[in-house]
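Taken in sequence, the protein lines are chains A and B. Under the numbering used here, think of the first position of the first sequence as 1, with each following residue one higher. Under the numbering used here, think of the first position of the second sequence as 1, with each following residue one higher.
Just so you know, the hints here were simulated from the structure itself, not pulled from any lab data. Among these hints, one or two may not hold up.
[Said to hold, decoys possible] With a straight-line Cα cutoff of 30 Å, these simulated DSS-like cross-link-like pairs (lysine-lysine) come out: (1) K185/A / K196/B; (2) K113/B / K77/A; (3) K198/A / K106/B; (4) K76/A / K274/B; (5) K106/B / K77/A.
[Said to hold, decoys possible] Going by beta-carbon spacing under 7 Å, a handful of chain A positions derived as facing chain B: (6) A11; (7) A14; (8) T122.
In this text the structure is predicted, and so the values were computed from the model without any measurement. No residue lacks a Cβ here, since even glycine has one placed at the ideal position from N, Cα and C.
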Amino acid sequence: MKWLILKTAAAIFAALFGIGIILYQQNSLKESFMATQKIGNSFRSLDTEFIELQRVVLQASYFPYFDNDKVLTQIKKIRSRIEALSKDPHLQKSSFIKTRRDLEEASKRFERFAKTVYDFLTLNASLKNSAIYLPTLAMKAYDIFDTKSATDRRVIILLSKINAILFMAKNALDESLLKEIEKYKTELQRIKDGLSEKKRIRLLQTSLGHLELFFDNFPTFHIYLDTIQSDDFQHEIEKTIKDFSIESKKDLSDINSIGELFLTLYLISILVVIYFIFRFEKENIKLKKATDQLKKSLTTDHLTGLENRRAYVAAKRRMYHPALIVVNIDRFKHINEFYGSKVGDMVLRQSAQILKEIVPKPLEANLYRLGGDDFGILYEFKSKERTEAAIKEIIKSFGKKVINVDGIVIDISISIGASYANKLLETADMALKHTKASKRRRYTIYDRSIDTSRQISKNIRALKHLKRAIANDDIIPYFQPIVEIESGSVAKYEALARMRGENGTVLEPPYFLDAAREAKLSGEITAAILRETLDIAEESNTLFSVNISAGDIMNPHDRNTILELLRNHEACAKRVVFEIVESEEIEDYELLAKFIKSIRELGCKVAIDDFGSGYSNFEKLLQLRADILKIDGSLVREIDRAEHIELVVRTIVDFAKAAGLKTVAEYVHSEAVFEKIKDIGVDFAQGYLLGKPEPKPEPRNRR
Amino acid sequence: MKALAYFFTTLFLFSVTAAATEPIKPIPRTISYDREKAELGMVLFMDPKLSSDGTVACVSCHSFEHGGADPRPVSIGTHGKRGNANAPTVYNSYFNFRQFWNGRAKDLKEQAKGPLHNPVEMGMVTEDIERYLKSSEYYNEKFRKIYKKSPTHDDALDAIAEFEKALFTPNSKFDRYLRKETNLTAAEKRGYMLFKTLGCATCHNGINVGGNSFQKMGLIFPYPWNEKVPDRYSLTQAPSDKNVYKVPTLRNIALTAPYFHDGSAPTLEIALKKMAYHNLGFDLLDEEIEPLVAFLKSLTGESPSILKKDR
Numbered sequence: 001m002k003w004l005i006l007k008t009a010a011a012i013f014a015a016l017f018g019i020g021i022i023l024y025q026q027n028s029l030k031e032s033f034m035a036t037q038k039i040g041n042s043f044r045s046l047d048t049e050f051i052e053l054q055r056v057v058l059q060a061s062y063f064p065y066f067d068n069d070k071v072l073t074q075i076k077k078i079r080s081r082i083e084a085l086s087k088d089p090h091l092q093k094s095s096f097i098k099t100r101r102d103l104e105e106a107s108k109r110f111e112r113f114a115k116t117v118y119d120f121l122t123l124n125a126s127l128k129n130s131a132i133y134l135p136t137l138a139m140k141a142y143d144i145f146d147t148k149s150a151t152d153r154r155v156i157i158l159l160s161k162i163n164a165i166l167f168m169a170k171n172a173l174d175e176s177l178l179k180e181i182e183k184y185k186t187e188l189q190r191i192k193d194g195l196s197e198k199k200r201i202r203l204l205q206t207s208l209g210h211l212e213l214f215f216d217n218f219p220t221f222h223i224y225l226d227t228i229q230s231d232d233f234q235h236e237i238e239k240t241i242k243d244f245s246i247e248s249k250k251d252l253s254d255i256n257s258i259g260e261l262f263l264t265l266y267l268i269s270i271l272v273v274i275y276f277i278f279r280f281e282k283e284n285i286k287l288k289k290a291t292d293q294l295k296k297s298l299t300t301d302h303l304t305g306l307e308n309r310r311a312y313v314a315a316k317r318r319m320y321h322p323a324l325i326v327v328n329i330d331r332f333k334h335i336n337e338f339y340g341s342k343v344g345d346m347v348l349r350q351s352a353q354i355l356k357e358i359v360p361k362p363l364e365a366n367l368y369r370l371g372g373d374d375f376g377i378l379y380e381f382k383s384k385e386r387t388e389a390a391i392k393e394i395i396k397s398f399g400k401k402v403i404n405v406d407g408i409v410i411d412i413s414i415s416i417g418a419s420y421a422n423k424l425l426e427t428a429d430m431a432l433k434h435t436k437a438s439k440r441r442r443y444t445i446y447d448r449s450i451d452t453s454r455q456i457s458k459n460i461r462a463l464k465h466l467k468r469a470i471a472n473d474d475i476i477p478y479f480q481p482i483v484e485i486e487s488g489s490v491a492k493y494e495a496l497a498r499m500r501g502e503n504g505t506v507l508e509p510p511y512f513l514d515a516a517r518e519a520k521l522s523g524e525i526t527a528a529i530l531r532e533t534l535d536i537a538e539e540s541n542t543l544f545s546v547n548i549s550a551g552d553i554m555n556p557h558d559r560n561t562i563l564e565l566l567r568n569h570e571a572c573a574k575r576v577v578f579e580i581v582e583s584e585e586i587e588d589y590e591l592l593a594k595f596i597k598s599i600r601e602l603g604c605k606v607a608i609d610d611f612g613s614g615y616s617n618f619e620k621l622l623q624l625r626a627d628i629l630k631i632d633g634s635l636v637r638e639i640d641r642a643e644h645i646e647l648v649v650r651t652i653v654d655f656a657k658a659a660g661l662k663t664v665a666e667y668v669h670s671e672a673v674f675e676k677i678k679d680i681g682v683d684f685a686q687g688y689l690l691g692k693p694e695p696k697p698e699p700r701n702r703r
Numbered sequence: 001m002k003a004l005a006y007f008f009t010t011l012f013l014f015s016v017t018a019a020a021t022e023p024i025k026p027i028p029r030t031i032s033y034d035r036e037k038a039e040l041g042m043v044l045f046m047d048p049k050l051s052s053d054g055t056v057a058c059v060s061c062h063s064f065e066h067g068g069a070d071p072r073p074v075s076i077g078t079h080g081k082r083g084n085a086n087a088p089t090v091y092n093s094y095f096n097f098r099q100f101w102n103g104r105a106k107d108l109k110e111q112a113k114g115p116l117h118n119p120v121e122m123g124m125v126t127e128d129i130e131r132y133l134k135s136s137e138y139y140n141e142k143f144r145k146i147y148k149k150s151p152t153h154d155d156a157l158d159a160i161a162e163f164e165k166a167l168f169t170p171n172s173k174f175d176r177y178l179r180k181e182t183n184l185t186a187a188e189k190r191g192y193m194l195f196k197t198l199g200c201a202t203c204h205n206g207i208n209v210g211g212n213s214f215q216k217m218g219l220i221f222p223y224p225w226n227e228k229v230p231d232r233y234s235l236t237q238a239p240s241d242k243n244v245y246k247v248p249t250l251r252n253i254a255l256t257a258p259y260f261h262d263g264s265a266p267t268l269e270i271a272l273k274k275m276a277y278h279n280l281g282f283d284l285l286d287e288e289i290e291p292l293v294a295f296l297k298s299l300t301g302e303s304p305s306i307l308k309k310d311r
């Protein structure tokens, strides 16, 4: 788990790292590119601005008066641009050594250039002054000098000539023209020296001064102007631009290669992560395999290799509407006993193999060994027809297969029970049993009717037994003592019906009584018990009570048989008590009363059995003129545990006493119950505490 | 190729000439500056404690009553020491291409350092200045507020420079004329014309009517020179730089007498005559001087707004 977290964290980190690198790479490339663009543009602007400066300087030299600020502004502009460039953070990178050096060179060059411009401006002003002032002086000469005098006229002519040539020389920037002025200048000087009038001397002196100034400064001025116009600064800038573009390319490619390096690292880290994931997955697969194997061994039947019942239960739970076919190998127990369990195992194994092959594919069924020789075929239910067709297909195919164990060919057949009802396995099993019970059937699909038919077949079997028992005198009485509570001695025995079964078993009424009633054979049983009891009574002097049902009394044949038996044993008939169960079966009370009257006449006594069990009618009871009341066992059994039952029993006992009836409590199984009924005042008690039913009436004391 | 370039350039120049531009530009009505810094600068500018004997402030020689200049021929520093030059006006000095008569400072901040440390002017050293500023509650608070740290020499210079930047004088009559907001009198107009045609404008041009180039004093007839003059030569030792000075501004020139680096011209008339003689080689006529003076007087601008009490 810890490793998984670590690996996941590593993978996430690597991914973020990669994204970071790509973003960083993109960003630095973009930034570098933009900075390069900006700087490149700035260099080009520098070039343009320099040309503009040269142009402004030219203007300053040509225009007689000019705003020098324009020149200075331009210088300032270039200077601050160079400064900004040399401070540009992008250029501080080590990749731009050459550019920086170039820029420094250019900056120095420009400062030299700027100084030249300042000097030029100084010279320019004075030259312009002279160029402006000399013509002014020439015009003044017209006023001062006399045009009629030859000398004076010469002065004017000389000044005009000088002005004309100066104009040409300055505008053409041609110093050679000045040579021509040289002789005029000398001549003018000579004339001046010969003059006496102060005003005239002054004019010529000033003119000559300006001329001198012009002569002195013009060559330098010319050099300055030439220098300014042809300065190498532009070359410097060009060189800088060239170096910059080379270095920029290298810088960008450096960034690119750094990016590539990072990218490579990133890819490597991804590969590492993939390796880890792969390894992790491999371990996972191993683990999963082991788990699967373990699971399989838990849900697999080792003998046949099929899945076992556990797997069946799990699979069924996942299904929408499961259907199950249970296949059972007929007489497998026999095979096992006959050939030995080794062969039996082989049979099971081969049967499994066969089933695997023959279960129809479209069923998409799973095969299980449900236990013993039962195989289960589980599938999603579609229709009864489909199930039926599949079963038939299985039976048909199985019949064609031969099971051969070490050369012994064993012919086996199968029985099938199928179900798609609730309680799948139970009902399918029921269906299988249904198949087994029949000789002809090979398969059964469960439906509700199977439950009923099983009951019928059971009943049929029970009736057969009953008839045989009656015929063979196998219906016999067992005797349970009834004790007088006050004296503690046995007062009489109740004869209870039993049926002798095969192998000496003795069956109790629940096994045959229902069948007997259905078949109207209960009278026969009553008669058989009475006969036996009378026979025993003849040999003893105790009292006996015999059960008789209302149905027996209603049946004339049975009624007559009973009366006849009593008459045949006149002597002991007076020692017989008939216990009549009061029930809805009594349709004709008159007939009942008549029967009771008849047996009374023979000395018999009458007890009402199971009194208090629902249908109790005191009035009818009085009409029947019974002698004894037997309190229902279900009341007696609970008497020590529930007060209301005690109350019911008390009421019954009080009523009986009032009517002059004796009372008997059945099902006395404990001392507590016994003490209770004794306390209530019941006359007789009967139950396991006092004696179990026995084949013979054996008088014995209680406890 | 070059000849061709010249040809075209020349042609271009002539085409520009057709739309003649004035050699003088008006001062902008407003300049952006940091008000807080400038106000601190103003206090510093007027603080005599910034001198060694506590008697001289910047304002001592750059009087606001005299157009930002010194009415005395040469400045007088601590302990009555005399300087070697007439203090140029501080007004509009921001527009000068360099500072001082010989242009040895490249900007105002550098300039402000000069007089502070000059032994014949204020005679302070950096440590003195900082110690004084730090001892003052007022300065401490102000500097901390503006510069986010306790007072330093450099920040003090910065504040003074910022104040000086604010000392511009817009809306002179001539500027308004240039902006076509008003008209000049006939005399002023004639003065301006003479100013251009006599050659004054070759040096006195631009926004500051000067202050944008160096020029020789005494081009035609030499001007007296001695070792002490504050000329370019004192910096460069180049013989051609003797008596070469930064061309002074003519803004507010009517207020800043006396004139020249040596304060040798007490009036405009004298100054004009001297300049005409030494640099043009002739004597101006009275009918020329009169309009020229009228023109020069039109260059007087409004007093700097930062100095106005009720601004």
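Checklist line | Violating hint indices (sorted, rising) | finding: Violated hints: 3, 4, 6, 7; rest satisfied.
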